[in-house]
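Chemist: What follows is the residue order along each chain.
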Amino acid sequence: MSAKRLFIGAVAAAGVGLGAAAANANETIKIAYQEPLSGPFANIGTAGLSDFLFVAADINKRGGILGHDIEIVQFDNKLSGQEAIIQLQRAIDQGIRFLLQGQSSGIALALGDAITKNNARNPDNRILHLNYAAVAPALTNEKCSFWHFRFDANVDMKMAALTNYMKTQSDISKVYLINQNYSFGQAVEAAAKKMVPANMPNATIVGAELHPLARIQDFAPYVQKIKASGADTVITGNWGNDLTLLIKAANDAGLDVKWFTYYAGASGTPTAIGKAGVGKVFMITEWHQNVLESAELEEFVNRYEAEYGDEFLFYRSKNTLEMLKLAIEAAGSTDPVKVAFAFEGMKYESELGTVEMRAEDHQLFQKLYVSKWSDNVKYSQEVEGLGFETQGVIESADTRIGTVCKMERPS
Amino acid sequence: MELVVFSLLNGIVFGLLLFMMSAGLTLIFSMMGVLNFAHASFYMLGAYFAFQISQAVGFWPALVLAPLVVGVAGGLVERYGLRRVHKHGHVPELLFTFGLAFLIQEFVVLGWGRVGVPYRVPEILNFPLFTLFGTNFPAYRAFMVLISIGMFVALFAILTRTRVGLIVQASLTHPHIAATLGHNVPRVFMYVFAGGTALAGLAGVIGGNAFVTNPSMAALLGTIVFVVVIVGGLGSLTGAFIAAMVIGIVQTFSVALDVSVGSFFGLLGLDLSSNSIFYEYWTLTLTDIAPVTPYLLLVLILIFRPMGLMGKRET
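Each protein sequence line maps, in turn, to chains A and B. Number 23 in numbering that gives the first Met the number 0 belongs to position 24 of the first sequence; there are no gaps in the numbering. Number 309 in numbering that gives the first Met the number 0 belongs to position 310 of the second sequence; there are no gaps in the numbering.
One chain only, chain A, in its complex shape (with noise of 0.2 Å):
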């Protein structure tokens, strides 16, 4: 019984050996995908995952990474810190060494405590987080971490963007503030509280609210208040349903302000906008459909969209890919210390421009556009001839903020 149980031990352990020698040659490079896979913010989540699926397959067909092609994995943590944290362990067990993922904030913090744990106390089995969307400005701030890269702007970033457009605009004066009540929508409300009044001296906010994340069905109570206070202007940190039915309530009622959004771009708010919203929704983004300024880009995107008959969302994801591409190209491997350090200042030419990642607190800085819901427009979103058009672009070099990150690194 005991012999055999050796014998089978050793052909396994053989097994294993022989696998460790193919990973040289001809092994996948894997990467975690995870984000809400079920539940009501999957979709969302699955339009991510198709987005970083056409560039790895985009990366691929071009050789790949050191030769090995890349292989997004997926796992879903239903939008749920608990279920996170065990689909991060799923990776790390799996040997996979990089994470993707960034919808929540709240999520991206508790997976970030996780990952410095496991990488101090996991030193072969260590994973990288890279963070496309999440952005409290915790991470890169008081919270960062060696560990995390953050390839979209974050909230204060965007926040200084959208008053110095705002304050060109004459007929601004009363803002009103509406936003999730969670860590990202109470840093929204934070960044405006500060930077409204330093960088628009002519208005002033006249009411601010904070309501429960992906809870309310009719926001007729939160448009009348919004009236009541005679605001022209509101700010909005809303994605999803909530920004949805949020702006659906306020065409209802004729409520007449002009949003400024983070997140008016993305699935089902287009078509809840509509004509109503022509020339009065706003928002901050690192790209939008009506970025045409390079034209391998248009083409990629339509290639996109030619395939999954759907919008691309995440041109961040592009970044985020051919970054890590190239980070692993100048540490010549895929240990996660040294490609940690090969992104550290790291420059990359993007179709748009040149990026950077600020050694000092891990955030790419890249530039912005604002935009305006518009009738002339080349591609349209969800509704037929409607299409952010742009208003603004601020200079990457013109969005760097400080940060306080006290970063630890590994010697």
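If you are wondering where the hints come from, they were derived from the structure by calculation, not from laboratory data. Heads up, a few of these hints could be off.
As the list claims (entries may be wrong) - If the Cβ cut is set under 8 Å, some of the chain A residues that face chain B in the computed set are:
hint, residue
1, 66
2, 216
3, 220
4, 221
5, 223
6, 244
7, 267
Backbone N, C-alpha and C fix where the C-beta goes; we use that ideal spot for every residue, glycine too.
Dock chain B against the given chain A, drawing on the hints supplied.
Modeler: Relative to the frame of chain A, chain B by itself:
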């Protein structure tokens, strides 16, 4: 003043929508003795069917056809699913409806995708009915009010004034005696289930385009209709009506009012400044707790009046 009038109007609209969903549920609840977890899923099906039908033949036929289709689906679920599970007792029934909710959810995702569908208010009703204090009141909201009040009156009349209603009431309260008198009680149950789900479907038809039609719409309203049913009292339409209106109005008013919990104590002469104990709780405004007020009501009712506002027996 302005805020009060509009909060009242919005509260009534939301309350009536809640009532439409819970009217069917309360009948089914008193019949089976367990909550139908899939009830809100039939609301979602109503919205999706209405979207599909209105694409082909317009909104008005959809208003009639979609609830009928949902009702037939509900009837089939009762006849070939629930009735078989029924003999094993309450827990399997509960689990059955729980599983059914997931199945319907996935069915909707497979059929129409994870992103919402552009189900819109018909053009003929898409105008402001009146403008009060500079705010529009959409005609569609008035239409929702009409439909739900009409449904309440019709349902009440059928249950209390017709022979069919008598048999239904008898089967709900005394199934064995009704069966002994020669009525086919299982068939009555099937009709009640079909009717109840059709009402949820109707709520979906008129709620889906007023709000959103996407795979998470069932989850948004799912739990709150249980609160309406329990607060209103088992099997009581009037109770469900009152509970739905109270919850609708309380919820919209608590959003509108910026009063903190601590200020109530302030009225009593207690000083709750930033260094007092539980400071975070005292500074919560009514707006912050608006979404939990229905559940607070649920807990209070269960403690002080377990049979609900108008119920005759304990739940």
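Chemist: Next step is simple, just say for each hint if it's right about the structure.
Modeler: Hints and how they fare:
{"no.": "1", "hint": "66", "result": "violated, 36 Å"}
{"no.": "2", "hint": "216", "result": "holds, 5 Å"}
{"no.": "3", "hint": "220", "result": "holds, 4 Å"}
{"no.": "4", "hint": "221", "result": "holds, 6 Å"}
{"no.": "5", "hint": "223", "result": "holds, 5 Å"}
{"no.": "6", "hint": "244", "result": "holds, 6 Å"}
{"no.": "7", "hint": "267", "result": "holds, 4 Å"}
Taken one by one, the earlier hints fail for this structure only at number 1.
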